[in-house]
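Order-wise, the sequence lines are chains A and B.
The numbering of the first sequence is my numbering, which starts it at 612 and goes up by one.
The numbering of the second sequence is my numbering, which starts it at 564 and goes up by one.
No lab work stands behind these hints: they were computed from the structure.
Be aware that a few hints might be false.
25 angstroms max Cα-Cα, derived DMTMM-like pairs, lysine to aspartate or glutamate [what the hints assert, rightly or not]:
1. B:Lys565 to A:Glu712
2. B:Lys660 to B:Asp641
3. A:Lys624 to A:Glu712
4. B:Lys605 to B:Asp590
5. B:Lys619 to A:Glu686
6. B:Lys619 to A:Glu663
7. B:Lys605 to A:Glu686
8. A:Lys668 to B:Asp646
9. B:Lys660 to A:Glu712
10. B:Lys565 to A:Glu686
11. A:Lys668 to B:Asp618
12. B:Lys660 to B:Glu578
13. B:Lys565 to B:Asp641
14. A:Lys668 to B:Asp590
15. A:Lys668 to A:Glu712
16. A:Lys668 to A:Glu686
17. B:Lys565 to B:Asp621
18. B:Lys630 to A:Glu712
19. B:Lys605 to B:Glu578
20. B:Lys660 to B:Glu566
21. B:Lys630 to B:Glu578
22. B:Lys605 to A:Glu663
23. A:Lys668 to B:Glu620
24. B:Lys565 to A:Glu663
25. B:Lys565 to B:Glu578
What follows is a list of derived Cβ distance ranges for each label pair [as the list claims (entries may be wrong)]:
26. B:Asp621 to A:Gly695: 22 to 32 angstroms
27. A:Pro672 to B:Lys630: 41 to 51 angstroms
28. B:Ser603 to A:Gly639: 44 to 54 angstroms
Where a beta carbon is used, it is the ideal one built from N, C-alpha and C, also for glycine.
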Amino acid sequence: KAGVTQTPRYLIKTRGQQVTLSCSPISGHRSVSWYQQTPGQGLQFLFEYFSETQRNKGNFPGRFSGRQFSNSRSEMNVSTLELGDSALYLCASSLAARAREQYFGPGTRLTVT
Amino acid sequence: QKEVEQNSGPLSVPEGAIASLNCTYSDRGSQSFFWYRQYSGKSPELIMFIYSNGDKEDGRFTAQLNKASQYVSLLIRDSQPSDSATYLCAVNMGAQKLVFGQGTRLTINP
């Protein structure tokens with residue numbers, strides 16, 4: 612069974628631009644969560660989607676948004692990029708909204724210059 | 564107080580010995596606990612999960628949970644150089660929100 616896939620793997624953007632990241636969960640998994648990983652803050656929860664609905668949200672500004680499609684694929688958007696948004700963005704999938712084991716994709720490395 | 568705390572290390576262990584990684588958490592109502600392994604430049608990989616008090620063994624790995632003490636640990640027996648990585652403790656604090664510790668960097672010395 613294929614794992615979680617994320618595209619693109621690497622991205623370089625300029626301050627003020629916006630970016631969209633994509634995540635395809637493991638086949639059959641319906642819940643997708645997004646995390647930001649930085650050396651200083653570690654892994655931080657952004658939001659979680661199940662059945663095209665956001666179920667939970669972390670403490671990030673409104674510039675960070677997401678959505679989920681009917682096939683469970685998810686996208687995350689960051690608008691008005693700041694230098695501090697440079698990070699590894701990780702997507703994790705799990706079987707259902709209340710399933711507890713999450714499996715991570717390879718991540719998208721975003722660099723903002 | 565951080566929600567999930569781990570010693571950042573580095574923790575250095577000789578090959579063949581037992582590596583012991585520890586984690587404490589603040590939310591007494593937490594029910595699910597996970598250990599992830601992350602190699603440098605890679606994403607976290609789920610290696611163990613535990614939901615009930617006591618020990619859970621899987622191959623060379625043993626997870627231990629003590630909810631009364633709000634403490635979870637990971638033991639790695641017969642440590643191998645390939646076990647050298649950062650180990651992340653994660654606690655499920657409601658819905659699908661996983662709260663991660665900062666990670667413990669483990670080095671296995673041949």
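Hint-by-hint comparison with the structure:
Using a Cα cut-off of 25 angstroms, the hinted pair Lys565 of chain B and Glu712 of chain A holds, with the two alpha carbons roughly 22 angstroms apart. This hinted pair does not check out: Lys660 of chain B and Asp641 of chain B have alpha carbons roughly 33 angstroms apart, beyond 25 angstroms. The straight-line distance between the Cα atoms of Lys624 of chain A and Glu712 of chain A is roughly 33 angstroms, outside the 25 angstroms bound, and the hint therefore fails. Using a Cα cut-off of 25 angstroms, the hinted pair Lys605 of chain B and Asp590 of chain B is violated, with the two alpha carbons roughly 29 angstroms apart.
For the hint pairing Lys619 of chain B with Glu686 of chain A, the CA-to-CA distance comes to about 36 angstroms; that exceeds 25 angstroms, so the pair is violated. The hinted pair formed by Lys619 of chain B and Glu663 of chain A fails the criterion: a straight-line CA distance of about 35 angstroms is larger than 25 angstroms. A hinted pair counts as satisfied when its Cα atoms are at most 25 angstroms apart, and Lys605 of chain B with Glu686 of chain A qualifies at roughly 21 angstroms. Our distance criterion of 25 angstroms between C-alpha atoms is broken by Lys668 of chain A and Asp646 of chain B, whose separation comes to about 33 angstroms.
Between the alpha carbons of Lys660 of chain B and Glu712 of chain A the distance comes to roughly 11 angstroms, so the proposed pair stays at or under 25 angstroms and holds. Among the hinted pairs, Lys565 of chain B with Glu686 of chain A is inconsistent with the structure: their alpha-carbon atoms are about 30 angstroms apart, more than 25 angstroms. Proximity of Lys668 of chain A to Asp618 of chain B is assessed by CA-CA distance (about 32 angstroms); at most 25 angstroms being required, the pair is judged violated. Proximity of Lys660 of chain B to Glu578 of chain B is assessed by CA-CA distance (about 35 angstroms); at most 25 angstroms being required, the pair is judged violated.
A distance of roughly 31 angstroms separates the Cα atoms of Lys565 of chain B and Asp641 of chain B; the hinted pair therefore is violated under the 25 angstroms criterion. Taking the CA atoms of Lys668 of chain A and Asp590 of chain B, the gap is about 18 angstroms. The hint holds against a cut of 25 angstroms. Using a Cα cut-off of 25 angstroms, the hinted pair Lys668 of chain A and Glu712 of chain A holds, with the two alpha carbons roughly 18 angstroms apart. Under the criterion of a C-alpha separation no larger than 25 angstroms, the hint pairing Lys668 of chain A with Glu686 of chain A is consistent with the structure, at around 15 angstroms.
Our distance criterion of 25 angstroms between C-alpha atoms is broken by Lys565 of chain B and Asp621 of chain B, whose separation comes to about 29 angstroms. Annotation: proposed proximity of Lys630 of chain B to Glu712 of chain A holds, straight-line Cα distance about 19 angstroms (limit 25 angstroms). As the CA atoms of Lys605 of chain B and Glu578 of chain B are separated by approximately 23 angstroms, the hinted pair is consistent with the 25 angstroms bound. The straight-line distance between the Cα atoms of Lys660 of chain B and Glu566 of chain B is roughly 12 angstroms, inside the 25 angstroms bound, and the hint therefore holds.
Of the supplied pair hints, the one linking Lys630 of chain B and Glu578 of chain B is violated, its CA atoms being roughly 31 angstroms apart against a limit of 25 angstroms. A threshold of 25 angstroms between alpha carbons decides the hint, and for Lys605 of chain B with Glu663 of chain A the separation of about 28 angstroms lies outside it, so the pair is violated. For the proposed pair Lys668 of chain A and Glu620 of chain B, the alpha carbon gap of about 33 angstroms is over 25 angstroms, so the pair is violated. With a CA separation close to 32 angstroms, the supplied pair Lys565 of chain B and Glu663 of chain A exceeds the 25 angstroms bound.
As the CA atoms of Lys565 of chain B and Glu578 of chain B are separated by approximately 32 angstroms, the hinted pair breaks the 25 angstroms bound. One distance hint, 22 to 32 angstroms for the beta-carbon pair Asp621 of chain B and Gly695 of chain A, is violated here, with the actual separation near 38 angstroms. Our hint of 41 to 51 angstroms for Pro672 of chain A and Lys630 of chain B is violated, since their Cβ atoms are close to 35 angstroms apart. Hint check: Ser603 of chain B to Gly639 of chain A, Cβ distance near 31 angstroms, so the stated range 44 to 54 angstroms is violated.
The structure does not agree with the numbered hints 2, 3, 4, 5, 6, 8, 10, 11, 12, 13, 17, 21, 22, 23, 24, 25, 26, 27, 28 stated previously, though it agrees with the rest.
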